[in-house]
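**Student:** For reference, the chains in residue letters:
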Amino acid sequence: MDMLVHFFQSIPFDQIVIQSLNGIVTGMILALVASGLTLIFGIMDVVNFAHGELFMLGAYIGVLVLASTGSFWLALILASLVVAILGAALQIVTLRPLIGRDPLNTILATFGISLVLQNYALWQFGPVARKINEPITTHFNLFYLEYPWYRLVIAGLSAAIIGSFWLFLKYGKFGVWIRATTQDRVMAQAMGIPVPWVYTGVFAIGAGMAAASGVLFGPLVGVNHAMGLDWVLKAFIVVVVGGMGNLGGSIAAAILISLLESYASIWVNPSQAVIVSFVVLILTLLFRPTGLFVPTPK
Amino acid sequence: MTRHSNKTYWIGFCVVMAVLIVAPLVLPEFWRRFLTEILIWGLLAMSSDLLIGYTGMISFGHSAFFGLGMYGAAAALLMFSPPNMWLAILFGLAAAILVAMFVSYFSTRLRDIYFAITTLIFSQIFYVIIFTWTEVTGGENGLAFSRPRLSFPGLFSTPFTSTTLHWFVLAVVAGSYLILRRITQSPFGMVLQSIRENEFRTRAIGYPVERYKIVAVMLSGTFAGLAGVLYAIQNKFAAPDFVYFLVSGETVIFNVMGGIGTLVGPIVGAGFFLLLRELLSRMFGDQFPYLIPLGFIFITMIIFLPQGIMGFARRWLNR
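As you go down the protein sequences, you meet chains A and B in turn.
Position one of the first sequence corresponds to residue 1 (this note's numbering), numbered consecutively onward.
Position one of the second sequence corresponds to residue 299 (this note's numbering), numbered consecutively onward.
It is possible that some hints are incorrect.
[Claimed, not checked] Restraint-style ranges between C-beta atoms, simulated for each label pair:
hint, chain 1, residue 1, chain 2, residue 2, range
1, A, His139, B, Phe498, 53 to 63 Å
2, B, Pro591, A, Trp73, 49 to 59 Å
3, A, Pro103, B, Arg575, 27 to 37 Å
4, B, Tyr307, A, Val176, 35 to 45 Å
5, B, Gln585, A, Asp14, 26 to 36 Å
[Said to hold, decoys possible] Covered stretches of chain B, going by a simulated chain A footprint (3 or more residues, C-beta under 8 Å):
hint, segment
6, 424 to 432
7, 598 to 606
FYI, nobody ran anything at the bench for these hints, they're computed from the structure.
Just so you know, these numbers come straight off a predicted model, no measurement behind them.
Beta carbons: idealized from backbone N, C-alpha and C, even for Gly.
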């Protein structure tokens with residue numbers, strides 16, 4: 001009994017609240033990255049290895065726009081637009097010729113793109129991390145911490161972007177085309193939907209979402225050329241755990257994994273906390289290889 | 299395969315071997331080391347060709363096998379004095395096989411893209427462990443050790459020179475090549491190729507596909523570990539950079555550039571890649587981001603030349 005009491009007393013509740021908040025904030029950003037990835041996969045059967053690099057480029061464009069105009073919100077919008085156009089161009093040049101070939105070819109092609117983009121960023125911007133200033137600098141008190149409002153704003157904004165994207169898929173004309181193409185590519189084409197352009201549009205939307213999350217996340221850590229790989233790995237884990245091509249599952253998995261990592265970082269250092277998400281992945285693969293958040297296949 | 303083409307094959311094999319045996323005697327020191335390095339990276343790429351080219355599974359995690367081979371060798375070389383080459387090979391292979399067992403058990407449950415991602419994530423796990431476990435692995439700095447002697451118990455023992463090291467590496471690589479070639483032509487290899495062509499039909503015929511895949515990943519991992527041991531012996535250090543994703547990525551690039559499903563192709567691809575890199579850094583300086591032009595070449599090759607250099611050459615020769 002004594003031991004039990006002691007155990008409960010030793011749980012640092014304040015830290016748990018703080019880490020829950022942190023976990024939800026990073027979880028929402030991760031969900032934004034992963035939903036682009038899972039959208040591109042669900043519709044095009046393309047695993048976009050360059051997704052992390054689009055995230056990274058978005059952050060860098062954010063840095064540049066912020067430096068020249070001083071407006072964070074303009075940076076957010078411009079970065080998403082520029083990267084969306086870049087994504088469309090990349091899709092037309094490299095992925096469109098590969099339609100109908102073995103899907104493994106597209107992994108290799110996007111891997112090539114990620115190499116080029118990452119090394120371009122290193123060459124252009126150098127290895128030193130850049131900083132994006134927070135647009136909102138006020139804090140509120142949370143136990144002994146001054147918690148920045150900006151983090152909550154990020155979570156809210158990510159949720160808003162994902163929500164409006166969901167509405168767009170549900171009610172927008174192009175959104176309906178996207179869903180139709182997901183369900184039956186051949187039939188959609190027969191009904192007059194320009195499937196190749198749906199592909200391009202989807203890739204552009206995914207790229208723009210990645211860029212937006214890059215700009216939003218920029219103020220929390222520095223912006224550097226290698227940040228893409230960490231994120232794309234996490235997003236891959238999220239997408240596998242949530243069930244590939246399943247938007248709701250990805251969001252749930254993103255929040256679950258980020259929360260677990262935040263809790264783990266109470267006890268171990270953050271670079272080791274990453275292992276928690278790996279463990280979640282392994283367990284998922286063992287017991288539920290189709291994803292945690294999809295109905296059991298009959 | 300007809301008798302005639304078989305004969306041509308062996309003549310070609312002997313000619314290439316002869317050239318590679320003579321090469322270190324003619325080449326200056328730098329290029330001698332360079333050639334040895336191409337052979338080692340070629341062995342790594344060839345091991346992954348067993349998966350990419352013959353079983354149709356892209357592994358983005360070969361750096362884990364390679365790196366663990368390296369650290370295994372490092373452990374043997376640091377624990378025993380005097381350092382023993384055979385113990386290094388034994389330890390390196392054991393480490394690589396253990397890792398391969400672990401990785402293959404989980405990753406072969408998934409197919410295609412999922413397999414690629416899972417292997418990538420597993421290699422990252424080992425990277426994080428090696429990077430953060432400083433007391434054992436030396437962390438970011440890695441481990442340095444002295445090179446063992448080239449020894450055959452009871453026969454002779456002599457320190458490695460760059461020429462004998464080259465011959466030793468060549469012997470190992472050529473041996474591995476012959477073993478891998480035999481494997482791909484065996485009934486086992488035929489089943490792997492039928493998994494590549496049509497996994498569901500292979501399963502329907504009654505082959506336990508998962509078991510075949512696990513064995514394929516383990517075999518591939520073993521040879522990748524062997525390449526790691528050779529690299530450790532050549533460079534006298536082990537570093538976490540070699541467990542990092544970039545090495546896996548380059549392995550895949552070697553395969554695609556050289557031509558998948560040919561075994562020789564990946565070695566050619568490694569040579570092509572490393573030569574181009576050397577050329578670019580000589581022309582534009584060390585800081586030149588060589589991966590940008592190489593990445594462009596890689597993407598262009600995937601679109602226009604998916605069969606790689608060897609596949610292209612083979613088709614051109616047969617015309």
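**Student:** List, from low to high, the hint numbers that the structure doesn't satisfy.
**Tutor:** Hint check: 2, 4 and 5 fail, others pass.
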